[in-house]
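Student: Protein chains in written order, with the numbering used here: chain A, 1 to 241; chain B, 1 to 241; chain C, 1 to 241; chain D, 1 to 241; chain E, 1 to 241; chain F, 1 to 241.
Treat each hint with caution, since some may be false.
Given that identical chains are not distinguished, each listed pair holds provided it fits within a single copy or across any two copies.
As the list claims (entries may be wrong) - As a list, the in silico DSS-like pairs of lysine-lysine whose alpha-carbon atoms are at most 27 Å apart:
| # | residue 1 | residue 2 |
| --- | --- | --- |
| 1 | K156 | K2 |
| 2 | K238 | K90 |
| 3 | K220 | K230 |
| 4 | K156 | K238 |
| 5 | K157 | K38 |
| 6 | K68 | K90 |
| 7 | K238 | K68 |
| 8 | K156 | K168 |
| 9 | K2 | K68 |
| 10 | K230 | K68 |
| 11 | K238 | K220 |
| 12 | K68 | K156 |
| 13 | K238 | K157 |
| 14 | K2 | K157 |
| 15 | K38 | K238 |
| 16 | K168 | K238 |
| 17 | K220 | K156 |
| 18 | K230 | K2 |
| 19 | K157 | K68 |
| 20 | K38 | K168 |
| 21 | K168 | K68 |
| 22 | K168 | K157 |
| 23 | K168 | K2 |
| 24 | K220 | K168 |
| 25 | K38 | K90 |
| 26 | K38 | K220 |
These are computed hints drawn from the structure, not numbers from a lab. As the structure is a computational prediction, the values presented were derived from the model and not from experiment.
6 protein chains.
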Amino acid sequence: MKIKVINPNTTVSMTQTIGSAARAIANSTTEIITCNPKMGPVSIEDHYDEALSVIGILDEIRTGEAEKIDGYVIACFGDPGLMAARELAKGPVIGIAEAAMHAASMISTGFSIVTTLGRTRIIAQHLVERYGMTRFCRQIRSIDLSVLSLEEADTKKAVLAECRTALKEDDCGAIILGCAGMADLSIWLTDALGIPVIDGVSVAVKFVEALVGAGLSTSKTGDLAYPISKPFTGSLSKFVP
Amino acid sequence: MKIKVINPNTTVSMTQTIGSAARAIANSTTEIITCNPKMGPVSIEDHYDEALSVIGILDEIRTGEAEKIDGYVIACFGDPGLMAARELAKGPVIGIAEAAMHAASMISTGFSIVTTLGRTRIIAQHLVERYGMTRFCRQIRSIDLSVLSLEEADTKKAVLAECRTALKEDDCGAIILGCAGMADLSIWLTDALGIPVIDGVSVAVKFVEALVGAGLSTSKTGDLAYPISKPFTGSLSKFVP
Amino acid sequence: MKIKVINPNTTVSMTQTIGSAARAIANSTTEIITCNPKMGPVSIEDHYDEALSVIGILDEIRTGEAEKIDGYVIACFGDPGLMAARELAKGPVIGIAEAAMHAASMISTGFSIVTTLGRTRIIAQHLVERYGMTRFCRQIRSIDLSVLSLEEADTKKAVLAECRTALKEDDCGAIILGCAGMADLSIWLTDALGIPVIDGVSVAVKFVEALVGAGLSTSKTGDLAYPISKPFTGSLSKFVP
Amino acid sequence: MKIKVINPNTTVSMTQTIGSAARAIANSTTEIITCNPKMGPVSIEDHYDEALSVIGILDEIRTGEAEKIDGYVIACFGDPGLMAARELAKGPVIGIAEAAMHAASMISTGFSIVTTLGRTRIIAQHLVERYGMTRFCRQIRSIDLSVLSLEEADTKKAVLAECRTALKEDDCGAIILGCAGMADLSIWLTDALGIPVIDGVSVAVKFVEALVGAGLSTSKTGDLAYPISKPFTGSLSKFVP
Amino acid sequence: MKIKVINPNTTVSMTQTIGSAARAIANSTTEIITCNPKMGPVSIEDHYDEALSVIGILDEIRTGEAEKIDGYVIACFGDPGLMAARELAKGPVIGIAEAAMHAASMISTGFSIVTTLGRTRIIAQHLVERYGMTRFCRQIRSIDLSVLSLEEADTKKAVLAECRTALKEDDCGAIILGCAGMADLSIWLTDALGIPVIDGVSVAVKFVEALVGAGLSTSKTGDLAYPISKPFTGSLSKFVP
Amino acid sequence: MKIKVINPNTTVSMTQTIGSAARAIANSTTEIITCNPKMGPVSIEDHYDEALSVIGILDEIRTGEAEKIDGYVIACFGDPGLMAARELAKGPVIGIAEAAMHAASMISTGFSIVTTLGRTRIIAQHLVERYGMTRFCRQIRSIDLSVLSLEEADTKKAVLAECRTALKEDDCGAIILGCAGMADLSIWLTDALGIPVIDGVSVAVKFVEALVGAGLSTSKTGDLAYPISKPFTGSLSKFVP
């Protein structure tokens, strides 16, 4: 089974972190292919970054379909372009926020999310609603540090500290890491806190494996049917479906 | 006051229809500027089209800010890129679905939406939820004809027929036209049906006028603050905020 | 265009404050007519006051219709009698809580409300639900001072202080003033806080202008049709529709 | 125990129907006092009627408090003035829609409502939301005949026919009669249909008995505290709390 | 009228406390029969205890039906087995959490719950949702002491202290005691706090009296019809309906 | 990895059908252990059957823990005893309704459920709410035939016919089979209908594999901690945790 894990920003070191997390838990028969767009923002921290990352994501899905990819993971906690990607792909496409929230609801009665910049919380909040997770989400927290600073030790400590606060104040049974750049922290944090700390990249890969393994692919009836073929003009002409 | 009305698809005749509707109801002191992106889909009928229209919308907002535009209308019933556009703009940005639903809730206790292709209903449904309009929305209907066919007489008749069905079956007090390409039909339909038939383009223009007139602009505190300045690579490098 | 702005309590100085706010932002072609009932409570601070203000509001709508008023604003943050007023009026009728919440949802992702007495918060809470604004409302706060004290400097300072707390604690992008008596404070507060502070009276006037300008009036199909003609006995006999 | 059952319209024969239903099921130690306002509409069939009935209801509560009434029933399916009445009364005040819905949720997993005129359905719909009964309400139906026609045999047959349709189509386990004027029909309908058909008047009386019997009265802490004492001017001056 | 009040745990002293509370408020014509299962947990403090108490509850309903019981109260705040019990019983079956929440919504605009162990709060939370009480529930609090310790004076003091905190912080108009073992505390707490403190056992008994008195029994149409007759094997063979 | 798939009813042939479906899609490194309780109902078709199946489920979890089972599937579409089972188990426990709904929400924008007897629909409806799936569930349908008749050809045809109706009328993108006894029908139905038809048993097994593979187990912090050790009396004494 070939799973393409798309980092929607253009920072290659983050693609590598994501790839390591994915490969560490993939089945032995799963091939993990990682990528990031050639154009777009170096990190995704607001609606604007997210909106401009979608074109790159769809380009990766487009080429992925030619490569017979079995399923996709969109590895940014805003799950950008998810519905459009599902229209374009034959196999399942899962966002890491989606995967993490679904998993958390299966092993706890309520979760908190710990993310990076404060302004990204509203994006997580909207996804909580979109996935029907309102009754499971206890709190959305941020460390108010940037995505790219996650490679620094101090930022990792800030994540740990915020998780401790969540554990103390939120009455939560699990913590979700609200950024793909935190993919390498979940084991360390689970050990430190004694509570499941969920990395969406790992869970999303496993859920794609699960759906493909159960013979399920994206429904092509109705809402998520392949995009309608029509002219695309100008610099977007290659996107004609 | 300068209001920029953005048709997110690349079909110029549709931009003209939208512009006529906007100018017909604008205040005498309002200047309506219409535009459409140079690249992208000729019509927006699925999530994929919508996702790929956002880059063009943001480009129009970007240039609009340089031109001291006071407020914007996104003239596609999926309200694509609305949150990102709000981050980028100083003044208000309103989507036509948003405007139509808010207006309908002020003059009736429940509305139905009549849109084009069946698969666009899910997009409307998600917007109903996003704007808190679930308790006002009675039904979302489609004529199962394409956006670009709206210029044909038969398609207009199909819209009228579907509105009649809505009036008979949905217990609705108002009907919302679910496509910017229907902007020229609302007066004809209101007369034919004896019920308010709402064109989102008109109402969105009036609401932008209202907000600007009341001294309100997009909040730059927190979630909708200007985008964070950071590198954008490749073909998107001009989008650095 | 003639817009009647109804202060539902009997305090004339408050009617004047409301009138000033309305005229300051109305279009040059709009005539603002202000009024307050001759009978009823001097201020509206609980469900009981509100319930007893409705008869006066409906009397003003009744006479307004004879005067060919184009639209109405109910200038009390509980939006008393809104549905009954809509039945009685041909043109749009908008409550100031309704207007403020809709506007706030268009320029921010979440708002807080600052009102007077603590017990009025439940009225605001119920309106938040009625207008579908639950997902936009972050907090409802009160200064625990009476409506009529709003003319005193200390009360104004208390409003400012409570807004500051909202800004600090509620993660809100806009603040709504929860009393018509605060109509003269929004510019001062916006300047002091650097965040949109919304006066419902101003926005309601602009929204009535917008709806009338877009050719929309209250739906007379179904739920909001004119009241059924029938006998009214005793002191209410003049209310026969 | 003294329970005052208030018919909010001015039709005496309907007050008698309501009184008979109440006395038929009251405990032997309960005294049922019935009344209707001297002024107001002869029937309540829209928001306007309802709004204008509130002044009469509050007048009855006001005098009831002087008479040491233990609890009240508001016997109109719109539950007009309920919150204001609760502020004014020491003992419990229950609306018949409220009582019927709560009862139905305790003996079935879902109910349908059968009411008179079609336009009253929106009032019932809003009460369903207010009482948290959305997940229990399957359908709201009307016979499209007036309240006062309920004394005619043909109207009773229409109610039976609509109940049969509800039973067949709505997957409901109980039916609620959506008008106090139907109070004499519940036993006949229950027998005819073999499903609980709930008259709100009866259940509301029993629930007032239950609350008083359990030592519970309206909370005077916070939201429902007695109305604030203040001047009321003009013809409403007697309403000073 | 015969009402069977079932304590689902096996602690006889708690059955006696519950019985005393029930008899203290029952009508003179009501016979209160109390019982507890012979097998199962000595107290119910988690989902596991609750799940294993259901078999005992159903056994009591089964024998109750043979004894022509008119209605039942399930006297544990998790309302275990409520739906199954309703299928088995002809008359009404009411849970004490259900009764308390419905009563609180009739005498206040919002309530807080004070329960025993922290982990039981999630059970209360799920019931709040099940009964449509989300908009009435302000907070769910616990004293973090066990059910069986409720017979000790220190635990009673802890309940009082937590109620005081609720009164101060939660903006609630009533407090619900979240455990049948607190049935003897409501009068003392109401006196001490000056706010209605609701014991679910008392209210449930009164509501069963009310429903039976209004001629209502559990709907046997559809969802709550008598259980389907079929083989039960092994140690559960006596449960064949 | 060892996964125990529990059929909560006592019909061995149904356990075999479930086991075949589970083994057909399990990873090669997964050992599927199937079982059913020795006591209880031969099929689960109402709340009563479900309630009485829980004791058998918990007995299987209890023994499973001693056998170092890595995760569990509760193979009945009512997901009976799920929360209690989670308290008792170290590894993940997933219900087949839960798994099917989560999977359907990842590959479509809306699903319909096709179940057996009409009265089981309310159980499915309550689970839809519990899992936050209200916005994804389009319709819950039944064939009005018993669970045990699923082994007959005519019943299979009835399932197919009902799925066809769902596809035509419900605007759904996927169909969920609402009974573990339908586990052998999903491939046949998917082929016949050209839309994903989801068997919860298969997906639940894959999701347990996914969670265990991602290093996740049931949270033992707070709500789902191991059951509190305490006496259990009589025939349930072996259930002392």
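Student: Determine for every hint whether it applies to the structure shown.
Tutor: Status of each hint after checking the structure:
no.	hint	result
1	K156 - K2	neither (31 Å within a copy, 35 Å between copies)
2	K238 - K90	within (19 Å within a copy, 33 Å between copies)
3	K220 - K230	within (18 Å within a copy, 38 Å between copies)
4	K156 - K238	neither (41 Å within a copy, 32 Å between copies)
5	K157 - K38	neither (31 Å within a copy, 47 Å between copies)
6	K68 - K90	within (9 Å within a copy, 38 Å between copies)
7	K238 - K68	within (19 Å within a copy, 33 Å between copies)
8	K156 - K168	both (19 Å within a copy, 26 Å between copies)
9	K2 - K68	within (8 Å within a copy, 32 Å between copies)
10	K230 - K68	within (23 Å within a copy, 34 Å between copies)
11	K238 - K220	within (22 Å within a copy, 36 Å between copies)
12	K68 - K156	neither (37 Å within a copy, 34 Å between copies)
13	K238 - K157	neither (44 Å within a copy, 35 Å between copies)
14	K2 - K157	neither (35 Å within a copy, 36 Å between copies)
15	K38 - K238	both (15 Å within a copy, 14 Å between copies)
16	K168 - K238	neither (51 Å within a copy, 35 Å between copies)
17	K220 - K156	between (42 Å within a copy, 24 Å between copies)
18	K230 - K2	neither (29 Å within a copy, 33 Å between copies)
19	K157 - K68	neither (41 Å within a copy, 35 Å between copies)
20	K38 - K168	neither (42 Å within a copy, 39 Å between copies)
21	K168 - K68	neither (46 Å within a copy, 31 Å between copies)
22	K168 - K157	both (17 Å within a copy, 25 Å between copies)
23	K168 - K2	neither (40 Å within a copy, 34 Å between copies)
24	K220 - K168	between (45 Å within a copy, 15 Å between copies)
25	K38 - K90	within (24 Å within a copy, 30 Å between copies)
26	K38 - K220	neither (29 Å within a copy, 30 Å between copies)
Consistency note: the structure conflicts with the earlier hints numbered 1, 4, 5, 12, 13, 14, 16, 18, 19, 20, 21, 23 and 26.
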